[in-house]
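Colleague: Those protein sequences? They're chains A and B, same order as listed. Under the working numbering, the first residue of the first sequence carries the number -13, and numbering increases by one thereafter. Under the working numbering, the first residue of the second sequence carries the number 1115, and numbering increases by one thereafter.
Since the hints were made in silico from the structure, they are not lab data. Yeah, the Cβ is synthetic: ideal placement off N, Cα and C, and Gly gets one too. Some hints could be false.
[Said to hold, decoys possible] Partial list, computed: chain B residues near chain A (C-beta under 8 Å):
hint : residue
1    : E1328
2    : A1341
3    : G1471
[To be verified] Here are the in silico distance ranges between beta carbons for each label pair:
hint : chain 1 : residue 1 : chain 2 : residue 2 : range
4    : B       : N1417     : A       : D262      : 46 to 52 Å
5    : A       : D181      : B       : F1298     : 39 to 45 Å
6    : B       : D1295     : A       : D262      : 45 to 51 Å
7    : A       : V274      : B       : D1295     : 28 to 34 Å
8    : A       : R124      : B       : D1295     : 39 to 45 Å
9    : A       : R295      : B       : W1312     : 16 to 22 Å
10   : B       : P1299     : A       : P172      : 51 to 57 Å
11   : A       : S173      : B       : R1304     : 33 to 39 Å
Each chain is listed here by its residues.
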Amino acid sequence: MEPEPSWQAPDWQPDKAEARTHVLVIGVGDYPYLPDRAKKMLALSSLGARLTTSVASTAHFVQWVLAPLRNDAAPLGSLDVLLSAPEGVTPGLPVPAREATADGLRTAFRNWYRRCSQHHGNVAIFYYVGHGLTSHARQVITAQEFGRDDLDLSPHAFDIKTTIDLMRDGCPARVQCYFIDACRPPSNVQLDPHDFQPLLRAPQHNVSAPGAQFIAYSVYPGTSARGIEGQPTAFTRWLVRLLNGEGGTQRNRCWEVTTETLPAAIRRVAEYHALDATSDEAKFDVEVTTAARPGLIALGTKPQTVPLRLGLSPEDALALGHLALREVGASTDDDQRGPAPEPWETRRSIGYHQFWARFASPAFVDIEGELFTVDSPMRCETFEVASR
Amino acid sequence: MVWYGTEITVAHLKHIVGWSNPRRVWHSAALVWSAPEMSNMPLVFVHGVGTRSGGVYDKWVRARNLLFHGEILEPLELGSPDEILNPYWGEFGAKFRWNHAYWQLGGEERLGPADEQLVAILQDAGIELAGPADGLIRRAAEHDLLQTINAVWSASIEEAATVEERDDLAVAGLEVLDYLDRQFPGLEGRISASALPWAQETDRDEEFLIRLLEEAEGGQTKESGGAEYLGKKDPSRQRFSALWQGLERIGRLPADLAAKPAGWLVHTLAQDSIEMLVGDVAWYFEQRGPKQNPGPINQEVINSLEAARSRNSKLIVVAHSMGGNIVYDVLSWYRPDIEVDLLVTVGSQVGYFEEIGLFRKQDREPLPHVKPPNVKRWINIADRSDLLGYSVSRIFPEVLDYAYDTGSGLLTAHSRYFEQLVFYRRLRRRVAASLAHEGADGT
C-alpha cells in the first residue's frame, strides 16, 4: 500500500483535473553509518553523523508551505515530508513525517511525480537538505543509511541532477522548483565508480514543451554548504524570505514570486554579499534549466524597505563626497551621509530614487539628482564620478 | 624604511584565529611559562645575508610573523603580532649591477631560486626523486615526517598568491604541528609517518595531506559557532590551493631535474650562498660608518630597536646569520645603551668574527670574553650541518649554545631554520626557559 502524503488539501481529489501545488520536502539529519563505517574513504571522512541544521531547516521550510502558501491559480494540494532527525532532536513539525530512508525517498519521489503530473498547470516544489556529494560532475543527495556499505554507496544516494533533467522532459507540471541545500564538493575519483541512480528511472510522460524549471542551490559548484547547529541554514532562511515576497515583483496589483523573479532575487542576494567571500549568502547559486514562460510560485507581500548599498567609482571619491538620496514623489526628507571611505549602506522603499554627490575636492564633478531604481530583495548601485 | 611588522593588525589575527579550530589550545605547550605581569615584549627580527625584498622574501616575512606570534608570543603571553618588527637592510647590501654577469660561463639554465631550493629541501628530507611523482611526499614522510612537512609547507608558502592564503597556510601549519605534538610528544628525533594511526589508509600524496589537515582540524564537521557542514567540509582544495600547487610543483621536479647536468644543484646552491655572503659582508664592513654616524644598515637596525624599546620595557631580538653580526656590532659598540632582554642568534658567525677581530668593539684579552652587559640573555642556535653557523659560548661563556637539526645538507641548512614549522616550536621552549630563568634570577 502506497503511503499517503504528510498532508493533503481536504478539497483535493487525485483524479480531479485542477491545478495544484505539490510539495516534497526531504531533510536528512541523522546518518547512523557516518563517519565510522565510511571513514576509510577519504571522500567521506569528514561527513558528520548528526546534522541538526537539517532538522531546523526542514521545519522552517514546511512552516512556509503551510503558512498558507498563496497561489490562487494552483492552491496547495499536497505536502509530503521525509525527515530523519538525530537522537534527542525534536523536529517540531506541524505534520507527520516519515524517515528519509533510501526506499522512502524513492517511493515519496515517485508518488510526488505522479501527483505533479496530473495537471499541466501544477506547481511542483522539491526541497532537500542534507549531505551532498558530486560524482561525474552531477549533484548527488544522500539518504539516512548513506555509508552503510562503503564498498557500494549507490543504494543510499541519488543523482538528483539527472532526476531533475528527467522531470523536465517527463513531468507536465508547468512550474517546477528544486531547492537543494547541500554541499557541492569538487568531483572526487573515489566516488565516480559508484553508480548513483536518479530517483526517477522511467517517466510515464513525454513532455514536448517543458514548463518553467529551475534549481536553486545553497552553494555554487566546488564548495561546502553549512548551517549553525540547531538553526535553519542561511539558504533556507533566505529562501523563505524571498518566497514570502522579497523575491517577487508587482504585477497586476499583486506581489508575485515567479520562476523569473525568484532566481533573479537569489542571484541578487549572492551578488550583494559577494564582497564578503566568507558569507554563506555569497555562495548561493541558481540554474535555470528551461526557457519556458515564467510561472507563478506564490503570492507574497511587498517588502516595506529593502537594503541598499551605494558606491562611487572611483572608490576614492567616497571619502570626499557628501551624499544624498530622495525618493521620487515621496514627501519624506532627504537621506544624507557625509564623506566616508566605505560604501553607503541604508534601507529604502522599492521604487524610483534620485542621488546626489557633492565633493569638497575640485578633482571630482558633482552628481546632481541621478535617477535609479530600488527593487527587491536588495540593490547595489555604483555611480560613475567624472574627474576634472 | 620598510616596517613589515606593522602589516598585521590584531583584528586581522583575530579573524584568522576565529577561522581556526577553537580546540587548538596554544597554551598546551609542555613547558609552562608564567608571563611577567608587566606587558608586551616586542620582537625584532634581523634578517641575514642575501635577503632582498620582493617575491619570496615578502611572502616569508608575513608567514614568519604569524609563526613567531602563534608559536612564541601568544603561547608565552608576550604580545600581539604588531609587536614584531622586521628591519629590512637588504636594500643597503651588495648590489649586483649587471645581474651576476661575472657568474655565467655560458649555457647554464636556471630553474629559479625557489625551485633550486625546493630540490635541495626534498633531497635533504630524504625524498627519492626518481620514480612516480605521486607518492613522493608519502614516501618522504615515511622516512622523516617532520622534515617532509617542513618541505611541503615551505614550498606552498612560496606558491601562495595572496596574503590570506599564506596566513591560512601558516595557521594550518601550526595546527598540524599541534596535532603531531599530541601524537608524538616533544617531536623529538626522526618520526615516520607510518606511526600515524591512519597512515595505512592513504597512499596518494593528496590523500595523505588532506587527511593530515582534517585530523589536525579535529576530523569533524563542526567548527566554531556550532557550524555543521552539509557534506564534506573543504579544508583542503578550497582553502589551501597553494598547498596543492606546491604539491604539483614537487611532482614536476623529477622531470625538471632529469634535464639538468650532473652537479647542477650543488653548483647553483653553493654559488648563491657564497656570492651573497661575501657580497653582503664586504658591503657591510665597507659602509658601517663611525659610532656617531652609523652606516645605513646599522641605522636601519638601530631604528627598529629604538622603536621597539620605546613601546615597552622588554625586548626580544632574533637575528639570523649576518643579522646576528650586525646586531652584535650595534649593541656592543654603536648603541650599548639599548637594553635587550633576550638575544637569539641563529646560524650566525658572531663567534667567528669575534675571534678574527672584525667587530668595532675590539677585545684582545684572552678568553673568556664577557658578553655586552646590555644583552641580558643570549641564546645561540646552529645546525651542525650549517657551514655558516658557529658556536658563541666558547667565546662568551654566558651564552647558551643549542644545536638544531634542520635535516638539511651542508649547502642548504643555513637558510632552512625559519622556513621550518618545527623550528618555531623548539624556539618557544628555549625562549620560555630563558625568560623563566631570568625571572628566577630576579633580573
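Colleague: It remains to establish, for every hint, whether it holds in the given structure.
Modeller: Status of each hint after checking the structure:
no., hint, verdict
1, E1328, "holds, 5 Å"
2, A1341, "holds, 5 Å"
3, G1471, "violated, 56 Å"
4, N1417(B) / D262(A): 46 to 52 Å, "violated, 38 Å"
5, D181(A) / F1298(B): 39 to 45 Å, "holds, 42 Å"
6, D1295(B) / D262(A): 45 to 51 Å, "violated, 34 Å"
7, V274(A) / D1295(B): 28 to 34 Å, "violated, 51 Å"
8, R124(A) / D1295(B): 39 to 45 Å, "holds, 42 Å"
9, R295(A) / W1312(B): 16 to 22 Å, "violated, 47 Å"
10, P1299(B) / P172(A): 51 to 57 Å, "violated, 36 Å"
11, S173(A) / R1304(B): 33 to 39 Å, "holds, 37 Å"
When held up to the earlier numbered hints, the structure conflicts with 3, 4, 6, 7, 9 and 10 and fits the remainder.
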